[in-house]
Amino acid sequence: MAQVLILYYSQHGSTQSLAEEIAQGVEQDDQHQAILRALPDVSSITEQTESKVPSSGAPFVTMDDFNDADGLIIGSPSYFGSMCAQMKYFLDQTSPAWLSGKMIGKPAGVFASSSSLHGGQESTLLGMMIPLLHHGMIISGIPYSEPALHRTTTGGSPYGATHVSSQNSNQLSKDEKNIAQHLGQRIATLSAQLKK
21 MAQVLILYYS QHGSTQSLAE EIAQGVEQDD QHQAILRALP DVSSITEQTE SKVPSSGAPF
81 VTMDDFNDAD GLIIGSPSYF GSMCAQMKYF LDQTSPAWLS GKMIGKPAGV FASSSSLHGG
141 QESTLLGMMI PLLHHGMIIS GIPYSEPALH RTTTGGSPYG ATHVSSQNSN QLSKDEKNIA
201 QHLGQRIATL SAQLKK
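Numbering (the working numbering), first residue to last: 21 to 216.
Among the hints, a few may not be true.
Label pairs and their computed distance ranges (CB to CB) [as the list claims (entries may be wrong)]:
{"no.": "1", "residue 1": "A105", "residue 2": "H170", "range": "31 to 37 Å"}
{"no.": "2", "residue 1": "P116", "residue 2": "T173", "range": "38 to 44 Å"}
{"no.": "3", "residue 1": "D49", "residue 2": "S143", "range": "30 to 36 Å"}
{"no.": "4", "residue 1": "S136", "residue 2": "S115", "range": "33 to 39 Å"}
Quick list of in silico lysine-lysine cross-link-like pairs, DSBU-like style, CA-CA up to 35 Å [what the hints assert, rightly or not]:
{"no.": "5", "residue 1": "K122", "residue 2": "K215"}
{"no.": "6", "residue 1": "K215", "residue 2": "K194"}
{"no.": "7", "residue 1": "K108", "residue 2": "K215"}
The set of hints was computed from the structure by calculation and includes no laboratory data. Don't be surprised by glycine CBs; every beta carbon is placed ideally from N, CA and C.
Take these sequences, add in the hints, and give me the full structure.
Given below as structure tokens:
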């Protein structure tokens with residue numbers, strides 16, 4: 021069974037909603053397992069250590085989750101066209117996996133959310149791909165054979181699944197859900213094929 025780690029940070033719930041749809045896509049058949057994991061907050065201020073268990077949502081990620089995954093899909097809100105600090109902080113800690121080549125040849129995908137249509141989603145997606153390429157991962161997006169890419173008027177890109185939470189709506193559109201599920205299914209299928 022191929023295990024796909026879906027790793028995300030979500031401040032207001034939009035990125036988490038995408039992660040949950042991606043997980044549904046991963047688990048469309050019983051040959052794939054979605055492992056949903058969240059990232060804790062980071063701060064430049066010295067604070068009390070975060071709890072190991074979040075108050076809601078998916079458990080926090082561990083390095084074992086990362087190292088043991090057969091496939092990886094990471095997601096972040098788009099902050100000024102870049103990934104969130106929480107994702108960058110986590111990825112910066114993956115140097116041991118990079119040095120050992122642990123992730124080489126494993127498939128990966130990306131997803132993002134923003135509060136406006138021109139909120140920098142595509143640059144965020146592309147920016148998250150760079151560390152994955154350094155890890156030697158095989159990046160997969162969403163091909164235009166997915167009909168929702170042609171219909172969407174909100175989120176969705178060949179680079180990855182996205183959501184536009186205009187007017188503070190965390191509700192995903194039908195097309196955004198379809199695109200997210202397709203990304204999950206695609207990475208799960210590749211994970212199973214490459215694991216053999």
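Okay, the hints, checked on the actual structure:
1. A105 x H170: 31 to 37 Å: Distance hint for A105, H170 holds at roughly 34 Å.
2. P116 x T173: 38 to 44 Å: The hint (38 to 44 Å, Cβ to Cβ) holds, given that P116 and T173 are roughly 43 Å apart.
3. D49 x S143: 30 to 36 Å: For D49 and S143 the Cβ distance comes to about 34 Å; the hint holds.
4. S136 x S115: 33 to 39 Å: holds, 34 Å
5. K122 x K215: Given pair K122, K215 holds - Cα atoms ~13 Å apart, limit 35 Å.
6. K215 x K194: holds, 32 Å
7. K108 x K215: holds, 27 Å
Violated hints for the displayed structure: none, as all numbered hints are satisfied.
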